[in-house]
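Number of protein chains: 2
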Amino acid sequence: MEWKETLSRYIDLTNEALSTYTDIENGENKQVINAMQYSLFAGGKRLRPVLTLAAAEMLGGSAKMALPYACALEMIHTYSLIHDDLPAMDDDDLRRGKPTNHKVYGDGMAILAGDGLLNLAYEIMLEDAIKQDNPKPCLKAAHTIAVAAGIHGMIGGQTADLMNEGQFNQVAEPSASTLAYIHQHKTGALLAAALTAGAYVAGATEKEAEAMKSAGFALGLAFQIQDDLLDLEGDEEEMGKPVGSDLKNDKMTYPAIYGVEASHEKVRALTDGALGIFKGFGSTSAFLQSLATYLISRRS
Amino acid sequence: MEWKETLSRYIDLTNEALSTYTDIENGENKQVINAMQYSLFAGGKRLRPVLTLAAAEMLGGSAKMALPYACALEMIHTYSLIHDDLPAMDDDDLRRGKPTNHKVYGDGMAILAGDGLLNLAYEIMLEDAIKQDNPKPCLKAAHTIAVAAGIHGMIGGQTADLMNEGQFNQVAEPSASTLAYIHQHKTGALLAAALTAGAYVAGATEKEAEAMKSAGFALGLAFQIQDDLLDLEGDEEEMGKPVGSDLKNDKMTYPAIYGVEASHEKVRALTDGALGIFKGFGSTSAFLQSLATYLISRRS
Chain A
-4 MEWKETLSRY IDLTNEALST YTDIENGENK QVINAMQYSL FAGGKRLRPV
46 LTLAAAEMLG GSAKMALPYA CALEMIHTYS LIHDDLPAMD DDDLRRGKPT
96 NHKVYGDGMA ILAGDGLLNL AYEIMLEDAI KQDNPKPCLK AAHTIAVAAG
146 IHGMIGGQTA DLMNEGQFNQ VAEPSASTLA YIHQHKTGAL LAAALTAGAY
196 VAGATEKEAE AMKSAGFALG LAFQIQDDLL DLEGDEEEMG KPVGSDLKND
246 KMTYPAIYGV EASHEKVRAL TDGALGIFKG FGSTSAFLQS LATYLISRRS
Chain B
-4 MEWKETLSRY IDLTNEALST YTDIENGENK QVINAMQYSL FAGGKRLRPV
46 LTLAAAEMLG GSAKMALPYA CALEMIHTYS LIHDDLPAMD DDDLRRGKPT
96 NHKVYGDGMA ILAGDGLLNL AYEIMLEDAI KQDNPKPCLK AAHTIAVAAG
146 IHGMIGGQTA DLMNEGQFNQ VAEPSASTLA YIHQHKTGAL LAAALTAGAY
196 VAGATEKEAE AMKSAGFALG LAFQIQDDLL DLEGDEEEMG KPVGSDLKND
246 KMTYPAIYGV EASHEKVRAL TDGALGIFKG FGSTSAFLQS LATYLISRRS
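Residue numbers (the numbering used here), protein chains in the order written: chain A, -4 to 295; chain B, -4 to 295.
Looking at chain A on its own, in the form it has when it is part of the complex (with noise of 0.2 angstroms):
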């Protein structure tokens, strides 16, 4: 299990990064860093900078030199959870078997927190890109995690999913079009930008970048499919939250519109997508295979 170690690797890697990104000075603004750092240390799986780290090893590049643009974009998921589970959105109680941040911290510091850990991955990311010789490809990278965070990408999907849950006056008809524009906006953008930022920081070609960001919404659209199935199917205690809760809230979910079978077969589908391009790229792929096979058979 060779490519468990480079996991290991990269998830340490991120840590540390993250570590030293939020050590900062702690005056009258040390709430909002303690609650920043709260959601950050929480027990993410860091998959978005795993992906970001491998695209970048994968096509020749560093880990360390694509490190920014991992951080950037797990400060942008993390953000994206505290707003999400704030009580005028989804209203989460738990996440990660955790109290969320507006339960700890209160809803004013949980919504001060995501705005901090938004611009400190804007921060980090024009701090490096200032650094370089030749800024491009990570200027490349962090306008590519821009448009993907933004109302194009993941604040777009937040927009349909806050729109059809019945939390706003006006009642939209839940379709499967809709129900694909929040996956692929919601959670698959941000996946996408993972590997496409990895790749343009390595110096990545257009076609490659195009390539990985097929792969990626592939992967993006697989990984959310399954977290439904789990939610329907999974283990409470492995989870760390309760099951259950899309069927609850009446939510719309893949399994809920096209049902349980069909649904296991498009992640398994979705999946062979992605691993496709990855074999494209050869032998150095061979940990982001690894990884694309695993994330079909997880638990949580």
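Do not take every clue at face value.
Identical chains share a label here; the pair holds if one copy fits it or two copies do between them.
[Stated by the list, open to error] Below, in silico cross-link-like pairs of lysine-lysine (DSS-like), each with a Cα-Cα straight-line distance of 27 angstroms or less:
id, residue 1, residue 2
1, 246, 40
2, 246, 25
3, 131, 98
4, 202, 98
5, 131, 59
6, 246, 98
7, -1, 261
8, 126, 59
9, 59, 98
It should be emphasised that the hints constitute simulated quantities derived from the structure, not laboratory data.
Got chain A sorted already, so can you dock chain B onto it with the hints?
For chain B alone, coordinates are given in the frame of chain A:
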């Protein structure tokens, strides 16, 4: 009053560019774009973009080259107001005489609209920087804005403000140093960044950028004290919002700590400091000198 024509030109340029930047695809993400546009065009004075465009022109650059950074600053300023107005923060129903974002779109969508504006600010700056043959001056501008907007700047100030409003379960003693921290970070940092970013885009030296930063912090503090004074002495109709709310909310203000007369004196002294710096740049600083003088006499 030639300077007022220049002011109108800067404001028109900003409004046109903001319209273009938010005139975007309109599908499942429609509501968040509506909410973003609502606050972006709710009557803001465009002070930050004006400072950026003026600083760029003062140093021999063009307003056009500084526009992406000017618009980014206005988006960041607007997002901070949307989030500040939320029930979990200041809980304000009116801003510039209009219902606040969350009163129109709901708390969840207001959170997303703020997130969307913050992220769009970086999308715009990165997209501009990528296009440059030499992106370094633009990267310095973007990085300056990022640092000023984040936990070392505006979000730090919002944190201190929130911690001292008794909305969190720790009570901090209001003190002059905390008030100074809040003013300098919540308002000063972004105004200083507005002047500094404009200077950087136009190719300013570090020494010139440093001078503009000092002028911006002086103007920022003067502006904030003037705001506090207007809340005490202003006219409700001219202001477009209720006056006396700081007293009612037991909010820490400069006049509350130092008295009204000393506060007026401080506004004049700070403005003189900024004027001195602008004068050092010679005749091209005429507009910024007029603007600084005007800000003292404003009624809203």
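For a quick check of understanding: which of the numbered hints are violated here, in increasing order? 3, 4, 9
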